[in-house]
Amino acid sequence: MKTIVELKDATVQVNNGFDEVKTILDHVNLTIYEHDFITILGGNGAGKSTLFNVIAGTLMLTSGSISILGEDVTHLPAQKRANYLARVFQDPKMGTAPRMTVAENLLIAKFRGQKRGFVPRRIHHYQEEFEQLVQKTGNGLEKHLETPTGLLSGGQRQALSLLMATLQRPELLLLDEHTAALDPKTSVSLMNLTDEFVSGDKLTALMITHHMEDALKYGNRVLVMKDGKIVSDLNQAQKQEMTITDYYQLFD
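Be aware that the sequence shown starts at 1, since it is given in full-length UniProt numbering, and climbs by one per residue.
Since the hints were made in silico from the structure, they are not lab data.
Keep in mind that the hints are not guaranteed to be accurate.
Distance ranges between label pairs, derived from CB positions [to be verified]:
hint, residue 1, residue 2, range
1, R99, F18, 19 to 29 angstroms
2, A237, N29, 13 to 23 angstroms
3, Q238, E129, 39 to 49 angstroms
4, V21, E128, 23 to 33 angstroms
5, H124, H210, 25 to 35 angstroms
6, D246, D91, 12 to 22 angstroms
7, D91, G45, 16 to 26 angstroms
With a straight-line cut-off of 30 angstroms between C-alpha atoms, the simulated DSS-like cross-links for lysine-lysine are [what the hints assert, rightly or not]:
hint, residue 1, residue 2
8, K110, K226
9, K185, K93
10, K93, K8
11, K202, K229
12, K8, K185
13, K93, K2
14, K143, K8
15, K110, K143
16, K80, K8
17, K80, K202
18, K217, K229
19, K136, K226
Keep in mind that this is a model prediction, so the values were computed, not measured.
Each residue gets a CB set at the ideal place from its N, CA and C atoms; glycine is no exception.
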């Protein structure tokens with residue numbers, strides 16, 4: 001099995017301002033394999049967001065190492081890891097440019113990571129492609145290609161963020177509680193779309209969620225974090241035997 005990301009004894013310590021050092025990621029060992037769809041559960045302060053940040057490079061390890069596709073990226077900043085990773089944030093405003101249209105946002109995502117000179121953007125050349133792409137969302141985005149993204153609903157904007165994140169097939173897709181800010185109906189719709197993209201396109205994804213039902217329903221692995229550690233790593237077979245009550249007991 002191809003290894004996409006590997007963390008070895010990944011540790012992050014911070015000074016809390018009172019000359020005390022707090023460990024927020026505690027010697028985490030994790031291997032993410034190609035086509036894994038891993039859901040991550042844990043209470044506040046469990047280390048979920050810290051884990052995402054050290055993988056993305058927005059937070060550096062105090063000790064330990066991280067590699068992506070066999071390359072040691074422990075000391076590489078976020079911009080150097082962007083060629084491997086894409087991330088959808090909890091806040092719908094984070095993944096798109098509000099004053100640019102839907103089509104303009106998609107054009108940026110289409111050429112993400114490529115060198116571009118000062119040439120005409122020729123956005124009309126991609127009109128049909130973008131229309132077909134946004135129809136996958138099922139929320140009317142195809143009618144809003146010329147609409148500034150800031151005028152979209154939260155659900156439409158988050159669906160656009162997902163489209164943009166997956167357009168270039170990242171080696172690893174980070175889904176950072178990406179349904180948390182949405183109403184229940186829109187959240188279910190976006191999760192169905194997420195599963196369609198991840199499973200249908202055979203992407204590798206890591207998803208933080210507070211919804212136990214989503215952890216049961218989606219993905220092939222479940223990680224449970226507590227106090228900066230991974231306390232459970234359940235495979236597909238173990239996951240299928242679990243109930244929501246079982247998941248709650250993992251937090252005890």
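Status of each hint after checking the structure:
1. R99 <-> F18: 19 to 29 angstroms: violated, 43 angstroms
2. A237 <-> N29: 13 to 23 angstroms: holds, 21 angstroms
3. Q238 <-> E129: 39 to 49 angstroms: The hinted range 39 to 49 angstroms holds for Q238 and E129, with Cβ atoms some 41 angstroms apart.
4. V21 <-> E128: 23 to 33 angstroms: About 56 angstroms separates the Cβ atoms of V21 and E128, which means 23 to 33 angstroms is violated.
5. H124 <-> H210: 25 to 35 angstroms: About 42 angstroms separates the Cβ atoms of H124 and H210, which means 25 to 35 angstroms is violated.
6. D246 <-> D91: 12 to 22 angstroms: Cβ of D246 to Cβ of D91: about 31 angstroms, so the range 12 to 22 angstroms is violated.
7. D91 <-> G45: 16 to 26 angstroms: holds, 20 angstroms
8. K110 <-> K226: violated, 38 angstroms
9. K185 <-> K93: holds, 19 angstroms
10. K93 <-> K8: Between K93 and K8 the Cα gap is close to 33 angstroms, so the pair fails against 30 angstroms, i.e. violated.
11. K202 <-> K229: Within the cut-off at roughly 28 angstroms; holds.
12. K8 <-> K185: violated, 39 angstroms
13. K93 <-> K2: violated, 34 angstroms
14. K143 <-> K8: Not satisfied, since the Cα-Cα distance of roughly 47 angstroms exceeds 30 angstroms.
15. K110 <-> K143: holds, 20 angstroms
16. K80 <-> K8: holds, 20 angstroms
17. K80 <-> K202: Distance ~24 angstroms between K80 and K202 Cα, so the pair holds.
18. K217 <-> K229: holds, 24 angstroms
19. K136 <-> K226: violated, 36 angstroms
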